[in-house]
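Here the structure of chain A is known, so what remains is to put chain B in place on it, guided by the hints.
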Amino acid sequence: MAVLGLSDGERHRASSILYNPEYRSYFFQVLTVLVVVWLIYQAWSNAAENLARSNMTAGFGFLSARAGFDLGQSLIEYTSDSTYRRALLVGFLNTLLVGFFGIITATIVGLLVGVGRLSNNWLIARLCTVYVEIFRNIPPLLVIFFWYKGVLAILPDFKQIRQSVQDAKAADPSVVDPSFIISNRGINFPNPIFEPGFNAVWLTLAIGIVASIAFSIWANRQQMSTGKRPPVLLVSLGLIVVLPLLVFLVVGAPISFDYPVLGRFNLSGGGHISPEFLSLYLALSLYTASFIAEIVRAGIRGVPKGQSEAANALGIRPSRSMRLIVLPQALRIIIPPLTSQYLNLIKNSSLAVAAGYADLVQVGNTILNQSGHSIEIIAIWMIVYLTISLTTSLFMNWFNAKMALVER
Amino acid sequence: MTENIAYVRNTFLPPEAAPRDDTTMIGWMRKNLFSSISNSIMTIIAIVAILWYLPGLIDWLFVSAQWTGTDRTFCSTVVQGGMHPEGWSGACWAYVGDRFAQFMIGSYPRGEAWRPILVALLFVALLIPMLMPSAPRKGLNALLLLVALPIIGYVLLLGGMFGLPHVETSLWGGLMVTLIISFIGITVSLPFGILLALGRRSKMPIIKTFCVVFIELIRGVPLITVLFMASVLLPLFMEPGDSIDKFLRALVGVSIFSSAYMAEVIRGGLQAIPKGQGEGADSLGLNYFQKTGLIILPQAIKLVIPGIVNTFIGMFKDTSLVSIISMFDLLGVVKNSFSDPNWLTPVTPMSGLVFAGFTFWLFCFGMSRYSGFIERKLDKGHKR
Numbered sequence: 001m002a003v004l005g006l007s008d009g010e011r012h013r014a015s016s017i018l019y020n021p022e023y024r025s026y027f028f029q030v031l032t033v034l035v036v037v038w039l040i041y042q043a044w045s046n047a048a049e050n051l052a053r054s055n056m057t058a059g060f061g062f063l064s065a066r067a068g069f070d071l072g073q074s075l076i077e078y079t080s081d082s083t084y085r086r087a088l089l090v091g092f093l094n095t096l097l098v099g100f101f102g103i104i105t106a107t108i109v110g111l112l113v114g115v116g117r118l119s120n121n122w123l124i125a126r127l128c129t130v131y132v133e134i135f136r137n138i139p140p141l142l143v144i145f146f147w148y149k150g151v152l153a154i155l156p157d158f159k160q161i162r163q164s165v166q167d168a169k170a171a172d173p174s175v176v177d178p179s180f181i182i183s184n185r186g187i188n189f190p191n192p193i194f195e196p197g198f199n200a201v202w203l204t205l206a207i208g209i210v211a212s213i214a215f216s217i218w219a220n221r222q223q224m225s226t227g228k229r230p231p232v233l234l235v236s237l238g239l240i241v242v243l244p245l246l247v248f249l250v251v252g253a254p255i256s257f258d259y260p261v262l263g264r265f266n267l268s269g270g271g272h273i274s275p276e277f278l279s280l281y282l283a284l285s286l287y288t289a290s291f292i293a294e295i296v297r298a299g300i301r302g303v304p305k306g307q308s309e310a311a312n313a314l315g316i317r318p319s320r321s322m323r324l325i326v327l328p329q330a331l332r333i334i335i336p337p338l339t340s341q342y343l344n345l346i347k348n349s350s351l352a353v354a355a356g357y358a359d360l361v362q363v364g365n366t367i368l369n370q371s372g373h374s375i376e377i378i379a380i381w382m383i384v385y386l387t388i389s390l391t392t393s394l395f396m397n398w399f400n401a402k403m404a405l406v407e408r
Numbered sequence: 001m002t003e004n005i006a007y008v009r010n011t012f013l014p015p016e017a018a019p020r021d022d023t024t025m026i027g028w029m030r031k032n033l034f035s036s037i038s039n040s041i042m043t044i045i046a047i048v049a050i051l052w053y054l055p056g057l058i059d060w061l062f063v064s065a066q067w068t069g070t071d072r073t074f075c076s077t078v079v080q081g082g083m084h085p086e087g088w089s090g091a092c093w094a095y096v097g098d099r100f101a102q103f104m105i106g107s108y109p110r111g112e113a114w115r116p117i118l119v120a121l122l123f124v125a126l127l128i129p130m131l132m133p134s135a136p137r138k139g140l141n142a143l144l145l146l147v148a149l150p151i152i153g154y155v156l157l158l159g160g161m162f163g164l165p166h167v168e169t170s171l172w173g174g175l176m177v178t179l180i181i182s183f184i185g186i187t188v189s190l191p192f193g194i195l196l197a198l199g200r201r202s203k204m205p206i207i208k209t210f211c212v213v214f215i216e217l218i219r220g221v222p223l224i225t226v227l228f229m230a231s232v233l234l235p236l237f238m239e240p241g242d243s244i245d246k247f248l249r250a251l252v253g254v255s256i257f258s259s260a261y262m263a264e265v266i267r268g269g270l271q272a273i274p275k276g277q278g279e280g281a282d283s284l285g286l287n288y289f290q291k292t293g294l295i296i297l298p299q300a301i302k303l304v305i306p307g308i309v310n311t312f313i314g315m316f317k318d319t320s321l322v323s324i325i326s327m328f329d330l331l332g333v334v335k336n337s338f339s340d341p342n343w344l345t346p347v348t349p350m351s352g353l354v355f356a357g358f359t360f361w362l363f364c365f366g367m368s369r370y371s372g373f374i375e376r377k378l379d380k381g382h383k384r
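For the record, the sequence lines run as chains A and B. Take the first sequence: its letters are residues 1 to 408, numbered as in the working numbering. Take the second sequence: its letters are residues 1 to 384, numbered as in the working numbering.
Note that these hints are calculated values from the structure, not bench results. Note that CB positions come from ideal geometry on N, CA and C, so glycine has one too. A couple of the hints might just be wrong.
Dumping the calculated SDA-like pairs for lysine to any residue here, alpha-carbon to alpha-carbon at most 20 angstroms [unchecked claim]: (1) B:K203 x A:N20; (2) A:K149 x B:N342; (3) A:K149 x A:V242.
Examples of chain A residues lying across from chain B (beta carbon under 10 angstroms, computed) [unchecked claim]: (4) R136; (5) D167; (6) R323.
Here chain A is said to cover these stretches of chain B; the calculated rule only asks that three of the stretch's residues, wherever they fall, bring their Cβ under 8 angstroms from a Cβ of chain A [unchecked claim]: (7) 105-118; (8) 138-152; (9) 195-207; (10) 220-228; (11) 328-341; (12) 362-368.
Chain A with its partners taken away, still in its complex shape (with noise of 0.2 angstroms):
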């Protein structure tokens, strides 16, 4: 190669240099950062450019400003004249709630369609079967539009009941609001007032809690030393329901109701359970019961047959051998994946925009029609998903590490 003018050393320390792995790695990996970082740059002077043409101004110095609309449902205070940053909040208490209902309502169920999926009740297997199939098959915004618009929406009619009691009510003034309606409004109940001396009622329940699990735990010494077991759910019962029934009545039942009350337009007073929020928090559960379901049934699966039959062996009884035997050690094949089937249910709650439920991402997307700050709110709203993924994942790791087997 006389061509290119080198010697054959040179040409040696050029090709070791080229064929070299560590030198390559390197090459490849600055190739890499150069890219990403030109692309961004890119990205960057692009927006800054189109950002400026619009004449917008980048940073969250927006979320000050009045938001302006109303949300159908809020944890906490608000109103129209509450700022964007308020009305986030709103947002993600929103996505939390129907987050955690979501998330127990799809383990019950998960759970016992799970399990009943393994029944050696034909029927009753193949109703669960069914039950999965349909719905672990079928996108869950539909289930969401299936509730809202299929459901829901062609439930009575509120104008229709509050014509009727007001009708009922001419011709008979005794006759009082009805306490409960079921409307296409959504659920209307009455709501519980704690009244101060109700604080000694929390206080007793919080102490059975700790006592009925201090008593638990010495429940578990005394069977370990003696083989006998005291009679833990009697007495758990007795701190956790009767004490604080009893002390409920004792300080004179210090409790009262809020009850709807029909006005000429609406229902003021009273709880009220709006159509959106039923309608995510039912599609959700089912939704994700099915997922959890099969989860719970290859966990199940997972146990060794010797397990239960040697718990048969020892005389156990069925239902016993399944809480002590199978299900714990079912659980940890559990647990992985029924994680990431939690924080599906929450990320899929993002879905609510869909029925109007305000959310995250619902008041977000207002937020971001009508100020344009389109950055900033993908931003937070990537920011708060991940943290809450990240968190939710952390937790599931400890207790998955809490319960993993402990191998000689």
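Just chain B now, with coordinates in the frame of chain A:
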């Protein structure tokens, strides 16, 4: 000689009848439905529930359903301005029939409808041999399905060349859009997912970090935020004055999302390949690309075909989300038709949703069955 031994039986006994539990209907029921008191109670509750709901469901879906008609009067009661007696409720299949073309291809010009139909036929013709494990020439087939078909489909559907009239993507809709988005999403996600998965297992720290951050970032947020990002931020990041097609934005969003998920599926396959395979390739003097392309990836991908199909099922269901960024996929078109004054009745939304749900279900159920079939087939190969 044996005939003389008194205690040896020299005739066969007639066979005993099988246990009653295994032959008669009653025995089967006793074993499977009424084996214990609690089982019997559950069975009775289930039977009562079925008898309570099933007749009403069948009546609504088939018996009372309105199968023919041209407008809302056919599907509403007298009070609502229709022809049915008061209290009638049934599915309005007439509306689904009337809107069927809309549900399939959206607002695609009806005169050009042969184009999506032709693409669909090509798709089916290429897909079926691809799915049959015994069909030959998988490589050529995959090339045609994943590379040639998208190009042909692009030319045929969009038009504007070879004398075909141009059809804007804003006119596309229905099942066609659902299929295109999920198919392109999965086609794009395969190469990108492989690259990301390899990057995540790479020894180069910077590349590894990029891949991990990208995958975890996308997997940690809902698809809807990625779609919003694609539809709102993408135009913002483009050169001023450039615009990007709305359909393309949705495709970009779905592709980014599915790539991250695909990367994790492929990584699972890569991890399952024994280390010796790579070391063997190294000792034969294969370079990185030969080692990965010829030894590792073929084995890894074969292992995760069920996972890929499951990702595809998820993708297919998730495309329904593009209706939120005002695109008209199957669900978007169905939902949009609820406000059509010609079919405005109380039963219209339910009928449309049942139809859309059934269509989605049919595709997803078929795919999950196929995934199970492949799983069993591949499983055999590893048994000794």
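Going down the list of hints, with the structure as the test:
no., hint, result
1, B:K203 x A:N20, "15 angstroms, holds"
2, A:K149 x B:N342, "18 angstroms, holds"
3, A:K149 x A:V242, "43 angstroms, violated"
4, R136, "7 angstroms, holds"
5, D167, "19 angstroms, violated"
6, R323, "15 angstroms, violated"
7, 105-118, "violated (count 0)"
8, 138-152, "violated (count 0)"
9, 195-207, "holds (count 5)"
10, 220-228, "holds (count 7)"
11, 328-341, "holds (count 3)"
12, 362-368, "holds (count 3)"
The structure fails hints 3, 5, 6, 7, 8 (numbered hints given earlier, in ascending order).
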